[in-house]
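Construct the entire structure; sequences and hints are all you get.
Top to bottom, those sequences are chains E, L, Y and S.
Numbering follows numbering that gives the first Met the number 0, in which position 98 of the first sequence is assigned residue number 97; successive positions increment by one, without gaps.
Numbering follows numbering that gives the first Met the number 0, in which position 358 of the second sequence is assigned residue number 357; successive positions increment by one, without gaps.
Numbering follows numbering that gives the first Met the number 0, in which position 166 of the third sequence is assigned residue number 165; successive positions increment by one, without gaps.
Numbering follows numbering that gives the first Met the number 0, in which position 224 of the fourth sequence is assigned residue number 223; successive positions increment by one, without gaps.
Mixed in with the good hints, there may be bad ones.
Copies of the same chain are indistinguishable here, so a pair counts whether it falls within one copy or spans any two.
[To be verified] Straight-line Cα separation of at most 30 Å, DSS-like style, residue types lysine-lysine; simulated pairs:
| no. | residue 1 | residue 2 |
| --- | --- | --- |
| 1 | K94 | K282 |
| 2 | K300 | K217 |
| 3 | K283 | K79 |
| 4 | K187 | K217 |
| 5 | K190 | K217 |
| 6 | K283 | K94 |
| 7 | K300 | K58 |
| 8 | K287 | K300 |
| 9 | K131 | K190 |
| 10 | K300 | K94 |
| 11 | K266 | K131 |
| 12 | K266 | K60 |
| 13 | K140 | K94 |
No lab work stands behind these hints, which were simulated from the structure alone.
What follows is the residue order along each chain.
Number of protein chains: 4
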Amino acid sequence: MVESQEIELQGHIIDSGIMTQLFDRVMDMGGNFEILVFDIGKEKTDPSYARLRIAASNKEKLRSILSELHRLGARPLEVKDVHLVAAGADHVVPKGFYTTSNHPTQIKSCGEWIPVEAIEMDFLIVVDPALKRAVARPLGKVRKGDLVVVGEQGVNVSYPERPREQSTFEFMHGTVSPERPSETLIAKIAKEILEVRKKGGKIAVVGGPAIIHTGADKALAGMIRMGYVDVLFAGNALATHDIEYNLYGTSLGMDISTGNPVMGGHKHHLYAISEIMRAGSIKKAVEKGVITGGIMYECVKKNVPFVLAGSIRDDGPLPDVITDVMVAQDAMREQIKGCSLVLMVATLLHSIAVGNCLPSNVKTVCVDINPAHLTKLMDRGTTQAIGIVSDAGTFLPLLARQLEIQSGCVQK
Amino acid sequence: MVESQEIELQGHIIDSGIMTQLFDRVMDMGGNFEILVFDIGKEKTDPSYARLRIAASNKEKLRSILSELHRLGARPLEVKDVHLVAAGADHVVPKGFYTTSNHPTQIKSCGEWIPVEAIEMDFLIVVDPALKRAVARPLGKVRKGDLVVVGEQGVNVSYPERPREQSTFEFMHGTVSPERPSETLIAKIAKEILEVRKKGGKIAVVGGPAIIHTGADKALAGMIRMGYVDVLFAGNALATHDIEYNLYGTSLGMDISTGNPVMGGHKHHLYAISEIMRAGSIKKAVEKGVITGGIMYECVKKNVPFVLAGSIRDDGPLPDVITDVMVAQDAMREQIKGCSLVLMVATLLHSIAVGNCLPSNVKTVCVDINPAHLTKLMDRGTTQAIGIVSDAGTFLPLLARQLEIQSGCVQK
Amino acid sequence: MVESQEIELQGHIIDSGIMTQLFDRVMDMGGNFEILVFDIGKEKTDPSYARLRIAASNKEKLRSILSELHRLGARPLEVKDVHLVAAGADHVVPKGFYTTSNHPTQIKSCGEWIPVEAIEMDFLIVVDPALKRAVARPLGKVRKGDLVVVGEQGVNVSYPERPREQSTFEFMHGTVSPERPSETLIAKIAKEILEVRKKGGKIAVVGGPAIIHTGADKALAGMIRMGYVDVLFAGNALATHDIEYNLYGTSLGMDISTGNPVMGGHKHHLYAISEIMRAGSIKKAVEKGVITGGIMYECVKKNVPFVLAGSIRDDGPLPDVITDVMVAQDAMREQIKGCSLVLMVATLLHSIAVGNCLPSNVKTVCVDINPAHLTKLMDRGTTQAIGIVSDAGTFLPLLARQLEIQSGCVQK
Amino acid sequence: MVESQEIELQGHIIDSGIMTQLFDRVMDMGGNFEILVFDIGKEKTDPSYARLRIAASNKEKLRSILSELHRLGARPLEVKDVHLVAAGADHVVPKGFYTTSNHPTQIKSCGEWIPVEAIEMDFLIVVDPALKRAVARPLGKVRKGDLVVVGEQGVNVSYPERPREQSTFEFMHGTVSPERPSETLIAKIAKEILEVRKKGGKIAVVGGPAIIHTGADKALAGMIRMGYVDVLFAGNALATHDIEYNLYGTSLGMDISTGNPVMGGHKHHLYAISEIMRAGSIKKAVEKGVITGGIMYECVKKNVPFVLAGSIRDDGPLPDVITDVMVAQDAMREQIKGCSLVLMVATLLHSIAVGNCLPSNVKTVCVDINPAHLTKLMDRGTTQAIGIVSDAGTFLPLLARQLEIQSGCVQK
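Here you go:
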């Protein structure tokens, strides 16, 4: 027997590609559709409205199709309240719990639409009907008695629409090509950074140790000093090599000014960690005059917060490194709040970690020498991204220079 | 004024390339050498002996040259006792502390040579002269009062010599070429595994989630069942996707049998984690019959220990994941003890982490689709490595099949 | 002043994504649209019909928008005859000439629709109104007096629609992920090959020398012997290394059975070429018993034609290599005719060259260790492609085995 | 029965690693050695001398070992004249012919040492004893009656020694790491270019189309205008996209200034080719004022010769493209003569082709976004190379700027 249900969609559903995706998924899942109403916006600025009957051979199939369409913003004609079930114990949640996308989301509780706070990909929604609050929360943080949303009923996702105006950032991008005009793109990114700055927006940098190895540390330190960075996310390696370079002029034992290994240099990174352990922390090492320059130094001097997340490949690590990764995630979440632009340079691990915490409307710029890494990064989370296949060692100096030129600090 | 000192070397110093490296480094550092004695082994099995006078323009330079030669096994003619200094506080160690290589190392204490236990790259050496014991220890684990070796005096490194016989494994390898005869190499690796097994050696597998995504999980599960794996190192992702596949037939929401995304599949990995949280642990989930197959299931059934190390990009994570990376490192070290072969498949992070803990005489097989990852992996630690540019999805099934054929379980 | 024109589209224009692309491009180019008629197919099998008014700020802009929409299959309401201009001299063609896509194309001449023969990407259309024939021809082959189509007027492109049924091949694919279930995909490709074979379709293989270096030559030779290959496209390197292997057991001097370089082996590839030069050709070398096995041997024995196209990096080359690349292109075009499946393995150069000659409805399977190569390949020409990130050395043996199993030649 | 022969070596055979390589190869091939004399240079500037007896289990084995050692510069104690055999027909050469390395080589004829002219990898040596001349020649160019050297007897290879002084260029390099200080290296390359220029050396550039796509064309055009390029090697794509950009502001239809595809832009590359066909050649198009800027324009204006080698993936091609690859190789050889520095940017195919023609003492700088490409390039031919993992779009502007700064044209 055929089961069916009516749904509706609204917005720029044709030119944002939502309609196409909807048809694709219904057909991919072996379902069927009939178009009941289709009021297409006559001009490009008009929103469209569609009502469709979705059909499938059985209830189970229909439900899974509707669950998929739900994530595209489709909803039943009449929306009921969310279904809430209390967690039986800490992290023991009701089966069939709702998992979030990173798009803006609302739930219906007691007949009222409530926005879901702290939205992030793959979270659960915990609702307090009395306080009329709904919060997205990771599975591991659900406590006994929390009221968890089960199923899609009463949940509404605002699927992002394609921005009307032309943008440097690609919308729901795909392939990353290494063959793009680097200098032009870098100039645009500088412009974007200056605009965010002007609007009082927050800028985050996620960086890998290659920034030091490729000699791009001076450029990043300069950007921090000039006030273009509001928070830094990295690991033990970036901080250690930055400090090693400040103390010994080497990075992983290599002389940055010549590119050659320095004899005895293999000890330097461990000596650098030891000096910070002796001082107590990076901040104290700066205050005591142990460190006198570099990325971490500028962060301390400019009061730019940094989150150094631990990884199983860490040596040492530095006392500032958060070795428990779940604690580090929370620190990242705390600091990422309110960011409107994230610059991810030469690190897959930390970039994915930060990307996981981003709502879908944050702009991201991803720079990596490996096109496959970029593709992986840009598949996640954000709907507006630029990917640049380049090495940190040429990208960051060109960006810093563009920032100087465009901000009027330096003549071209 | 020119400073100089005599040193000596012994062993297969010519054909292992040690002599060449020594000359290179002296010249690279602007030093000078004079050959005083050079008794070259007449035939290829004879060890050679060389005595050289190393000279440099000042004491500082000479010391750093000698420090470098020390790591190649060169030592002063007369060796004095190690210089020991007590740590002033926890992790606050004397300046100029000795940092270990991962080659077998001995120290001289009270005129006697003592082997350094638990040797690992970039550790310090802590000595107990009374007990005549010397142990390698990470910086972060040195406690107040520990007697730490300072400088190279009294430390002897046994730099590895090139094995006489032909070997599948490359010695101090370099470039990794994607264009090598895959099937032939895989057959050799199977042979090597069977030989290690025959000699009672221990085999470790380090694996990434691509093992599941590429459909190689059945092959790895089979290898565990057949008894070819003694310990498994992985992260939250491998275990989660393996369990997701067992519970829902998908991996990250993709139907492994068709390669297509399954509708609603995006929830599966979170549902999988939730089920294990409900059961309490992977082991309990196996015992309760929640999981009925796959890599983790076979590990539990065969009592193969596994270490799941946390990472900041983790979702969940599973209750078995060790979220503090320093605790995870210790667990890895504990389990890696006594391994004679490590198979690293499709994970850079975990492979580097395991590689960091390996003494230089453990054989490693590294498999990755990205030649640059292999080069990075094979630069570390071990002196005997095979690198194969391949995807897990074709490599592991071919390896499992070779093991069956060569062990006589199956006819070709 | 605003200029505008009405256009119409027909077919599965929504679920094939054509409508979305159309809106995108109009907006990207700063144009405007108004929907006049939109008869959407009520059910998924119904074709839709749309009539739109496209507007732009000036004639030039409008023309370039319409030119772009033309390639999506949109056409003016009333179609006039093509505009033909005679070429003034050999290769000297009228400005504004029409350049083809690789989709099926028709032109209107004397009020009649005529299909364009030998369609290929980036060709011109030469029309003979008397004979009622239209042929796609490369720029370099247009002769004085040829009547060349100028502008889009009178040209109709049948933009490919998404196939209704589920397919292994992706439609207008994008990103290539290395993490896909290899064995499953390989089994499907084998199935596809067997189906093409059953229907009497033609199968082409494009291969690079890595097939030999990775030891996959036996698998490919077997596939030729079993009759699964109708034409082989390659370069001097594949043929030379294949013959070198047959004559000396090495490939570029490396012993395929051990993976080690053979001493003296560096001469082998030149010696191999010399032997074929002595024999006169590969065919003669097979007939004289100089070559007794391998890929080229099987081609000769099975009368499978091969095109060996020259490249500037060639040593020798073999007498069979076509050193003029334009002559080689023509030979490729001749042989590619009628192919319904092309298997491209481990060669970017030759795969792109073959891909350039393919009409958009030929299925292609691309195998390469480098995901970026695959993305580049799959961006070209065809609308139905599978990309597999794998090495030839594991892929081809698994494929050959699947062909044996599925065709019933061998038990699993 | 054991066969043996005495050989001798001279030079910096220890610190250049030659001795190590020699021992390695003897052992790898199952041979044995006895050291008869070993006069090691006491100080680093003294040459060493070694006499060894090489032994093997049979004559065949011994011969192949000696053949291998020959390429390292080892030679029998008494050297006889080369063995010459006349070619029986065009390209039909005597079996066992000698194949050259790209190191300086001499042959003994009538008791006299004669240098081999035009040495290049994998050539044969043709000798004219009457004129006392020996010339390296490709297999395909040996004519009937030419006297060809057979076997190694009478041939002496001067294996390159490691340069005494520190060098930016690596000697017999291996692995290429993406993590090197880019700006520092680029400054050094600029310095090297200026030094070559000062000494009147010749500089060649080999370039791929990514130079245009990434917007680095202005930098390269500038370098040509400033006189830093003496010859350009490229293919149809680089020239076409450069001209397309000059004519239409796009490269492969993409607007370089914005990075976005231009509507109608897909025709531009074909239109560009058509315009050059109409003019007759690139030179004529410059003279007629059709092209007014860009890389090819500057070449014509500065009389910098260029070789555009054809490839089977070419569209068009431009009338200047040499479509016969063997003719193109000869043109490359002609122009490469006397070059002392070659800059290879973003092209594997053309770089390998040029590299094949280089004697081993030419310095090469290789720039590519793909580390695997660099490794492949640097394995070939030259003994002094720098590999930089970077994209053309950031590398060339930084290099051009460094040239300006270091030459005093511009202030930092």
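Right, here's what the structure says about each hint:
1. K94 with K282: between (46 Å within a copy, 21 Å between copies)
2. K300 with K217: Within one copy only: 15 Å inside a chain, 40 Å across chains, cut-off 30 Å.
3. K283 with K79: Classified as neither; 56 Å inside a copy, 38 Å across copies.
4. K187 with K217: both (21 Å within a copy, 18 Å between copies)
5. K190 with K217: both (20 Å within a copy, 22 Å between copies)
6. K283 with K94: Answer is between; shortest inter-copy Cα gap is 19 Å, intra-copy 49 Å.
7. K300 with K58: neither (61 Å within a copy, 37 Å between copies)
8. K287 with K300: For K287 and K300, the Cα distance is within 30 Å only inside one copy (13 Å; across copies 55 Å).
9. K131 with K190: neither (41 Å within a copy, 56 Å between copies)
10. K300 with K94: between (49 Å within a copy, 27 Å between copies)
11. K266 with K131: between (57 Å within a copy, 26 Å between copies)
12. K266 with K60: For K266 and K60, only the inter-copy Cα distance (16 Å) is at most 30 Å; the intra-copy one is 61 Å.
13. K140 with K94: For K140 and K94, the Cα distance is within 30 Å only inside one copy (16 Å; across copies 44 Å).
Hint check: violations occur at hints 3, 7 and 9; the rest are consistent with the structure.
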